[in-house]
Amino acid sequence: MRARSIRGAGATATAAAIAVAASACSAPGDGGGDAKNSAVVGIAYEPETLSPLLGYGKDGNSKIFDGLLTHDADMKLKPALAAELPKVADDGKTYTYKLRKGVKFSDGKPFSSKDVVFTYETILDKKTNNASKTELDAVKSVEAKGDDTVVFHLKYPYAPFAERTVLPIAPEHVAGKQDVNTGTFTTKPVGTGPYKLVKWSKGEKLTFKANPDYWGGAPKVENFTMAIIKDDDIRATRLDAGELDGAILPPNLAKKYKSDSGKNTYAAKTFDYRVVTLPTGNKVAGDTDIRRALDTGVDRKAMVDSILYGEGKEAYGPVPTDSPWFTKGTEREFDADKAKKILDDAGWKPGKDGIREKDGVRATFPLWYLSGDKLRQDHALAYASDAKKLGIKVEVQSGTWEVIEPRMPKDAVLAGGGSPADPDFDQYTLLKSSLAGDGFNNMAHYDNPKVDKALEDARKSGDHAKRQAAYDTIQRELVKNPGYTFLTHIDHLYVVDKKFGDLSTQVEPHDHGLASGPWWNVEDWQPKK
Amino acid sequence: MARLVGRRALFAVPVLLLVTFGVFAIAAASPFDPVKAYAGTAGLTASQENLDQLRANLGVDRPLTARWWDWLTSALTGDLGDSSTLRQPVADAIGERIGWSVLLAATAFVVAILLGTALGVLAARRPGGWLDRAVTSLAYTLEAAPPFWLGLLAVWFFALKLGVLPSGGLTDTASSTVTAGQVASHLVLPAAVLAISQLPWFVLYVRQGVGDALGDDPVRGARARGLAERTVLLGHALRSGMLPVLTLIGSRVPELITGALLVETVFSWPGIAAATVQAATSVDFPLLAALTALATAAVLLGNLVADILYGLADPRVGFDG
Numbered sequence: 001m002r003a004r005s006i007r008g009a010g011a012t013a014t015a016a017a018i019a020v021a022a023s024a025c026s027a028p029g030d031g032g033g034d035a036k037n038s039a040v041v042g043i044a045y046e047p048e049t050l051s052p053l054l055g056y057g058k059d060g061n062s063k064i065f066d067g068l069l070t071h072d073a074d075m076k077l078k079p080a081l082a083a084e085l086p087k088v089a090d091d092g093k094t095y096t097y098k099l100r101k102g103v104k105f106s107d108g109k110p111f112s113s114k115d116v117v118f119t120y121e122t123i124l125d126k127k128t129n130n131a132s133k134t135e136l137d138a139v140k141s142v143e144a145k146g147d148d149t150v151v152f153h154l155k156y157p158y159a160p161f162a163e164r165t166v167l168p169i170a171p172e173h174v175a176g177k178q179d180v181n182t183g184t185f186t187t188k189p190v191g192t193g194p195y196k197l198v199k200w201s202k203g204e205k206l207t208f209k210a211n212p213d214y215w216g217g218a219p220k221v222e223n224f225t226m227a228i229i230k231d232d233d234i235r236a237t238r239l240d241a242g243e244l245d246g247a248i249l250p251p252n253l254a255k256k257y258k259s260d261s262g263k264n265t266y267a268a269k270t271f272d273y274r275v276v277t278l279p280t281g282n283k284v285a286g287d288t289d290i291r292r293a294l295d296t297g298v299d300r301k302a303m304v305d306s307i308l309y310g311e312g313k314e315a316y317g318p319v320p321t322d323s324p325w326f327t328k329g330t331e332r333e334f335d336a337d338k339a340k341k342i343l344d345d346a347g348w349k350p351g352k353d354g355i356r357e358k359d360g361v362r363a364t365f366p367l368w369y370l371s372g373d374k375l376r377q378d379h380a381l382a383y384a385s386d387a388k389k390l391g392i393k394v395e396v397q398s399g400t401w402e403v404i405e406p407r408m409p410k411d412a413v414l415a416g417g418g419s420p421a422d423p424d425f426d427q428y429t430l431l432k433s434s435l436a437g438d439g440f441n442n443m444a445h446y447d448n449p450k451v452d453k454a455l456e457d458a459r460k461s462g463d464h465a466k467r468q469a470a471y472d473t474i475q476r477e478l479v480k481n482p483g484y485t486f487l488t489h490i491d492h493l494y495v496v497d498k499k500f501g502d503l504s505t506q507v508e509p510h511d512h513g514l515a516s517g518p519w520w521n522v523e524d525w526q527p528k529k
Numbered sequence: 001m002a003r004l005v006g007r008r009a010l011f012a013v014p015v016l017l018l019v020t021f022g023v024f025a026i027a028a029a030s031p032f033d034p035v036k037a038y039a040g041t042a043g044l045t046a047s048q049e050n051l052d053q054l055r056a057n058l059g060v061d062r063p064l065t066a067r068w069w070d071w072l073t074s075a076l077t078g079d080l081g082d083s084s085t086l087r088q089p090v091a092d093a094i095g096e097r098i099g100w101s102v103l104l105a106a107t108a109f110v111v112a113i114l115l116g117t118a119l120g121v122l123a124a125r126r127p128g129g130w131l132d133r134a135v136t137s138l139a140y141t142l143e144a145a146p147p148f149w150l151g152l153l154a155v156w157f158f159a160l161k162l163g164v165l166p167s168g169g170l171t172d173t174a175s176s177t178v179t180a181g182q183v184a185s186h187l188v189l190p191a192a193v194l195a196i197s198q199l200p201w202f203v204l205y206v207r208q209g210v211g212d213a214l215g216d217d218p219v220r221g222a223r224a225r226g227l228a229e230r231t232v233l234l235g236h237a238l239r240s241g242m243l244p245v246l247t248l249i250g251s252r253v254p255e256l257i258t259g260a261l262l263v264e265t266v267f268s269w270p271g272i273a274a275a276t277v278q279a280a281t282s283v284d285f286p287l288l289a290a291l292t293a294l295a296t297a298a299v300l301l302g303n304l305v306a307d308i309l310y311g312l313a314d315p316r317v318g319f320d321g
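Chains as they are written, first to last, in the UniProt record's numbering: chain L, 1 to 529; chain Y, 1 to 321.
For the record, the hints were derived by calculation from the structure and aren't laboratory data.
Bear in mind the structure is a predicted one, so any value in this text is a computation, not a measurement.
Be aware that a few hints might be false.
Said to hold, decoys possible - Taking lysine to any residue and the SDA-like style, the derived pairs with C-alpha atoms no more than 20 Å apart in a straight line are:
#1 K127/L with D52/Y
#2 K126/L with V60/Y
#3 K199/L with A91/Y
#4 K126/L with D61/Y
#5 K202/L with V277/Y
#6 K36/L with T177/Y
#7 K202/L with V178/Y
#8 K374/L with V183/Y
#9 K127/L with E49/Y
#10 K202/L with A56/Y
#11 K188/L with V178/Y
#12 K230/L with W156/Y
#13 K188/L with T177/Y
#14 K230/L with W149/Y
#15 K263/L with D233/L
#16 K126/L with E49/Y
#17 K453/L with T473/L
#18 K220/L with L197/L
#19 K202/L with I94/Y
#20 K188/L with V183/Y
#21 K126/L with R62/Y
#22 K202/L with T281/Y
#23 K126/L with G59/Y
#24 K341/L with P324/L
#25 K188/L with P89/Y
#26 K202/L with R126/Y
#27 K338/L with K480/L
#28 K140/L with S47/Y
#29 K161/Y with A241/L
#30 K374/L with A336/L
#31 K258/L with K480/L
#32 K202/L with K161/Y
#33 K349/L with S385/L
#34 K127/L with V60/Y
#35 K127/L with A56/Y
#36 K202/L with D92/Y
Claimed, not checked - Derived Cβ-Cβ restraints for the label pairs, each shown as a range:
#37 D72/L with S30/Y: 39 to 49 Å
#38 N37/L with L162/Y: 24 to 34 Å
#39 K220/L with A9/Y: 53 to 63 Å
#40 K498/L with L162/Y: 45 to 55 Å
The beta carbon of each residue, even a glycine, is placed where N, CA and C say it ideally should be.
Using the sequences provided together with the hints, build the complete structure.
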């Protein structure tokens, strides 16, 4: 039995291995089509889910789905599944949407008002594990009037509400029949969008095929693939190897493609800011003079040049300087001498080791950044080194959010954020005193009654001039008493093959959505023949 | 042999129970918050009320023993629960990945054993000869090289410099279908890197084993009887020299799993490894427990196979020992 059974066992093992290999392969098929009508891009993040009910595509532009509204290149709202922009009534508490007629989901079933109601009600349901549902806080109820009209009733007047209705609509006849948190719809979505999901090979790629019956017209790029490559270097390598037509890259790696004749580099403007929170509960960071000194005494320009390689701009608040919502004149010129004078005048006198003191309190506080995040680390170190020159000792430390969160009321944090859709989205959660310590909202525990009032005015009023005035007030208040030191707004860099022609980018949020970058409108691309 | 298998199977039960409980205990003691992990970036803007609701929905505020018991009892009925990070049933998550991991690991293992044995025998033939010295020093060098680094090096050389092999993924990036040919070409680099990272152990053990066996009486006797060198080497020396290697095969399974983890990351191979890392850092209890149980079972099975092979190869070793 001995020798023979060893050979027998070997043969069985070999056969088993072949069987595994064979069973793992499906029938041979096409190799992805010719190059003209297909595009492959490398992205750094993989979504956990493709179900809008769990938060996928909530900021719009999800490729598989459409929202009631969507954004154009300038981030202006335009109708998508709605036939026109909503009618606002009842002092901003009722939003009525007329729906586009004849729209079908990619499985051929018609889209109607009940899908809209289903989507919003499911998201708001307590049993649904959607971490972004706070964004729909204003919604009291959603009502279908006939097949083609949807009415949102709000709890309070909320001017930016229309911006929230870019979130994708899920089909009730598919998603309504399964467990919303774990059903197959989370990985095999069906929507009305320009692309259909062919396959999601988790950890590897998402493959899309054009939806020939798309209500907006069939896309020219018929095959679209997003390869998920988390490591920056490997993504650049695969771009070089010709396996990718485009990719998102950090500034240091994107640099070399500037001179590449076959590729275009795009720098997407963003609302993506890096900021230092100056918690009110800290004796030093909570001191208005310290805050103002840091605000003028940090060299933002140097950070943009050395950390971002020039791909970004100085930030003085959550609103970027080139946004129409930015209040001109609130830029803070870098002036270390002025900063020192502020401290001198306030009685913060340099001690023996050069660190200032006032009433027995040393001018020092800890600054935390998320460990492993190189960009945040660089910002934190640059901030600490600028502060040191003013006589303020900032102790830079790194940790995970679990370590940082309990310390947020007392310790400074190098945070990031930014949503371009409406100034309310960032500023309300960042500055409202009643939200201090509520999750990651108002991390600095900022408390300024004038700002509180302006925030409420801004979100309630539907009048643009009134809103602008309120946001002007907030930005001027932030000069007088900054609860945060805003450092930079970061451009997101993309490299794409020239064969797709000249592309555009949208203004991007902090979050790298799947469909950010030049492929935000891949359905409109016109590849060169 | 049946008794050996039966006894080992019985022994596996408490081990698996202990390991899965250990996983729950360690995960519960870890500083990671499953709710934060679930919410991801959305959690950074979520209200406390929203986060509390998530905590209740996910059931992560319940005591550790209750969670473990629930997981265990439903696992026994075939329901492995739902993965919170992947938003799908654990059975589906594992099902769609494990095949690729097994394919990668099995290919690498077979290559490592065959190549390792061949090189080991060649080296053992003339101890101290140039071939022996070359093979041994290569083995020691490779032993020190981490698979991650080897992977990047392979990508740089074969995909970028030579452009002969794809640098990652299961199929061509643009392809939407999985074909045997594509998988085969995409398998070459990751399997080779994994095999090479496993190779030194086999080479060194075979060289040692065969080298010792060549000096043993039976082999010297066989030589003295005038048998052909080939027969002596392959029929006698290799046979007895392989014994320690057989044991080694089983004990290499854990390292194969960790090695595969790194290799899968470098090559964007859609196997189980990425899911394991994600499950661990997100405190995804159901997925983590299932994966750990699976890895434990693989190790136990590896040892069992090693013992059976040992028993088959050497009749002096009984199956009851």
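Results for each hint:
1. Our distance criterion of 20 Å between C-alpha atoms is met by K127/L and D52/Y, whose separation comes to about 12 Å.
2. Note on K126/L and V60/Y: the hinted pairing holds, with a Cα-Cα distance of about 16 Å set against a maximum of 20 Å.
3. For the suggested pair K199/L and A91/Y, the alpha carbons sit about 18 Å apart, so the restraint of at most 20 Å is met.
4. Distance hint between K126/L and D61/Y is fulfilled; the C-alpha atoms sit about 17 Å from each other, no more than 20 Å.
5. For the hint pairing K202/L with V277/Y, the CA-to-CA distance comes to about 14 Å; that is within 20 Å, so the pair holds.
6. Under the criterion of a C-alpha separation no larger than 20 Å, the hint pairing K36/L with T177/Y is consistent with the structure, at around 19 Å.
7. With a C-alpha separation of about 14 Å, the suggested pair K202/L and V178/Y falls inside the 20 Å cut-off, and the hint holds.
8. Only pairs whose Cα atoms come within 20 Å are accepted, and K374/L paired with V183/Y is rejected, the gap being roughly 35 Å.
9. Our distance criterion of 20 Å between C-alpha atoms is met by K127/L and E49/Y, whose separation comes to about 13 Å.
10. The hinted pair formed by K202/L and A56/Y fails the criterion: a straight-line CA distance of about 27 Å is larger than 20 Å.
11. A C-alpha spacing of about 18 Å is found between K188/L and V178/Y, which places the hinted pair at or below 20 Å, so the restraint holds.
12. For the hint pairing K230/L with W156/Y, the CA-to-CA distance comes to about 17 Å; that is within 20 Å, so the pair holds.
13. Between K188/L and T177/Y the alpha-carbon distance is near 16 Å, which keeps this suggested pair within the 20 Å criterion.
14. Restraint check: the Cα-Cα separation between K230/L and W149/Y comes to about 16 Å, which is no more than 20 Å; the hinted pair holds.
15. A threshold of 20 Å between alpha carbons decides the hint, and for K263/L with D233/L the separation of about 18 Å falls inside it, so the pair holds.
16. Under the criterion of a C-alpha separation no larger than 20 Å, the hint pairing K126/L with E49/Y is consistent with the structure, at around 11 Å.
17. For the hint linking K453/L to T473/L, the alpha-carbon distance of about 10 Å falls within 20 Å, and the restraint holds.
18. The hinted pair formed by K220/L and L197/L meets the criterion: a straight-line CA distance of about 16 Å does not exceed 20 Å.
19. This hinted pair checks out: K202/L and I94/Y have alpha carbons roughly 11 Å apart, not beyond 20 Å.
20. Of the supplied pair hints, the one linking K188/L and V183/Y is violated, its CA atoms being roughly 23 Å apart against a limit of 20 Å.
21. A threshold of 20 Å between alpha carbons decides the hint, and for K126/L with R62/Y the separation of about 18 Å falls inside it, so the pair holds.
22. Distance restraint check for K202/L and T281/Y: the Cα-Cα separation of roughly 17 Å lies within the 20 Å cut-off, and the hinted pair is therefore satisfied.
23. For a cut-off of 20 Å, the pair hint linking K126/L to G59/Y stands: about 14 Å separates their Cα positions.
24. A distance of roughly 33 Å separates the Cα atoms of K341/L and P324/L; the hinted pair therefore is violated under the 20 Å criterion.
25. Distance hint between K188/L and P89/Y is fulfilled; the C-alpha atoms sit about 13 Å from each other, no more than 20 Å.
26. For the hint pairing K202/L with R126/Y, the CA-to-CA distance comes to about 49 Å; that exceeds 20 Å, so the pair is violated.
27. Restraint check: the Cα-Cα separation between K338/L and K480/L comes to about 14 Å, which is no more than 20 Å; the hinted pair holds.
28. Using a Cα cut-off of 20 Å, the hinted pair K140/L and S47/Y holds, with the two alpha carbons roughly 17 Å apart.
29. Only pairs whose Cα atoms come within 20 Å are accepted, and K161/Y paired with A241/L is accepted, the gap being roughly 9 Å.
30. At most 20 Å may separate the alpha-carbon atoms for a hinted pair to count; K374/L and A336/L exceed this at roughly 26 Å.
31. For a cut-off of 20 Å, the pair hint linking K258/L to K480/L is broken: about 41 Å separates their Cα positions.
32. With a CA separation close to 28 Å, the supplied pair K202/L and K161/Y exceeds the 20 Å bound.
33. Of the supplied pair hints, the one linking K349/L and S385/L holds, its CA atoms being roughly 19 Å apart against a limit of 20 Å.
34. Pair hint K127/L plus V60/Y holds up; C-alpha atoms about 14 Å apart against a cutoff of 20 Å.
35. The suggested pairing of K127/L with A56/Y holds, with an alpha-carbon distance near 9 Å, which does not exceed 20 Å.
36. Among the hinted pairs, K202/L with D92/Y is consistent with the structure: their alpha-carbon atoms are about 12 Å apart, no more than 20 Å.
37. Taking the beta carbon of each, D72/L and S30/Y are about 45 Å apart, inside 39 to 49 Å as hinted.
38. In this structure, N37/L and L162/Y meet the distance hint of 24 to 34 Å, their C-beta atoms being roughly 29 Å apart.
39. For the pair K220/L and A9/Y, the beta carbons lie near 59 Å from each other, so the given range of 53 to 63 Å is met.
40. The hint said 45 to 55 Å for the Cβ distance between K498/L and L162/Y, and at roughly 25 Å that hint is violated.
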